[in-house]
Amino acid sequence: MEIKYTIQGLLIYITIAAYLLAFVATVAGRARTGRVVFFAGFLLAILAYAYRWYHVQHVPLQNLFEIFLFLGVVCYPISWFCRGVMRIGGQWADMLIGTIVLFPAGFVFNAQPMQLPPALQSWLFAPHVAVYMLAYIFMFKAMFQAFEQLTVTPNAQRTWLPTEQATYELVAIGFPLLTLGLILGSWWGKLAWGDYWGWDPKELWSLASWLVYVGYFHWRYMFGKIHSRVNSIWAIAGTAAIIITVLWVNLSRLFPGLHSYAT
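For the sequence shown, the numbering used here assigns the number 723 to the initial residue and increments by one for each residue that follows.
Hints are computed from structural coordinates only; laboratory data are not their basis.
Be aware that a few hints might be false.
Label pairs and their in silico Cβ distance ranges [said to hold, decoys possible]:
#1 973 / 839: 11 to 21 Å
#2 921 / 762: 38 to 48 Å
#3 884 / 913: 36 to 46 Å
#4 750 / 941: 30 to 40 Å
#5 908 / 809: 26 to 36 Å
#6 750 / 839: 45 to 55 Å
#7 832 / 943: 43 to 53 Å
#8 908 / 937: 19 to 29 Å
#9 750 / 965: 36 to 46 Å
#10 943 / 732: 46 to 56 Å
List of simulated lysine to any residue pairs, SDA-like, C-alpha gap at most 25 Å [claimed, not checked]:
#11 912 / 838
#12 726 / 869
#13 924 / 842
This structure is a prediction, so every number in the text was calculated from the model and none was measured.
Backbone N, C-alpha and C define an ideal beta-carbon position, used for all residues, glycine too.
All chains should be built: construct the whole structure from the sequences, respecting the hints.
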């Protein structure tokens, strides 16, 4: 564990505290207070990310510290979109997601600025990584909806979509973003290394994650009404594949490849 005694670290820790306080307030039945504190945490997350951007002088999406910092920013606008536009509840889960994704940035990964290698000095760098991160937040939120569908007795409340339907709606948004991430990555690979596909471990696991969600859609279309709980298991499996893609492939010595810069 690495405590960051810097302005950057202080901003991250205050944001984590705000997200966690928002979660506790919401679970305790003070939803309005939770939403206010969640928004305050979002503003702090923007400030932390902007400070990092100023500090490194490039879009901060280069390494896992910056990736998790970015995830801590986008969890709020995605939560607002899901709540206000899609009628999907579970904002407590969004607050918890914000806390979880900022924890590695605050306590695990090194914040030492790194110079961009030539492969990352491409206009495709930011959009490729950003669309993946947006997709991951949607899929993580879908995972929480799936867990709720498996573990909580359905109620008669009609304000929000039923959990299984909400899981599907979230995956239906996240999946095109995953697809776009694959396409942009292949294009970037062609420009940087001369080929659209290099069978790199990160590429393979990104494809594996994508295929799990293809399986989810196929199963739901064919058997979803009969075995609806299995739909949620598929969604959880997809999130597990994403975790392997983001963390294990980047950090494990079993998967050396062209994407080692992400560590």
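With respect to the beta-carbon atoms only, verify the hint that residue 884 and residue 913 lie 36 to 46 Å apart.
44 Å, holds
Could you see if the CB distance from residue 943 to residue 732 stays within 46 to 56 Å?
With Cβ atoms ~49 Å apart, the hint holds.
At the C-beta level, are residue 750 and residue 965 separated by a distance inside 36 to 46 Å?
Roughly 29 Å apart at Cβ, these two residues miss the hinted range, so it is violated.
Does the hinted range 43 to 53 Å hold for residue 832 and residue 943 at CB?
Distance hint for residue 832, residue 943 holds at roughly 44 Å.
Does the structure keep residue 726 and residue 869 at a Cα separation of 25 Å or less?
Violated. Residue 726 to residue 869 sits at ~34 Å, over the 25 Å cutoff.
Within 45 to 55 Å: is that where the Cβ-Cβ distance between residue 750 and residue 839 falls?
47 Å, holds
Below or equal to 25 Å on CA atoms is what counts here, so check residue 912 against residue 838.
19 Å, holds
Note whether the CB distance of residue 921 and residue 762 lies within 38 to 48 Å or breaks it.
45 Å, holds
Take the C-beta atom of residue 973 and the C-beta atom of residue 839, compute their distance, and say whether it sits inside 11 to 21 Å.
Since the Cβ atoms of residue 973 and residue 839 sit about 18 Å apart, the hinted range of 11 to 21 Å holds.
Consistency of beta-carbon spacing, residue 809 to residue 908, with hint 26 to 36 Å
Between residue 908 and residue 809, where Cβ atoms are some 35 Å apart, the hint holds.
Keeping to a limit of 25 Å between CA atoms, is the pair of residue 924 and residue 842 held or broken?
Status holds; Cα separation ~15 Å.
Do the Cβ positions of residue 750 and residue 941 conform to the proposed distance bound of 30 to 40 Å?
37 Å, holds
When each numbered hint is compared with the structure, violations occur for hints 9, 12.
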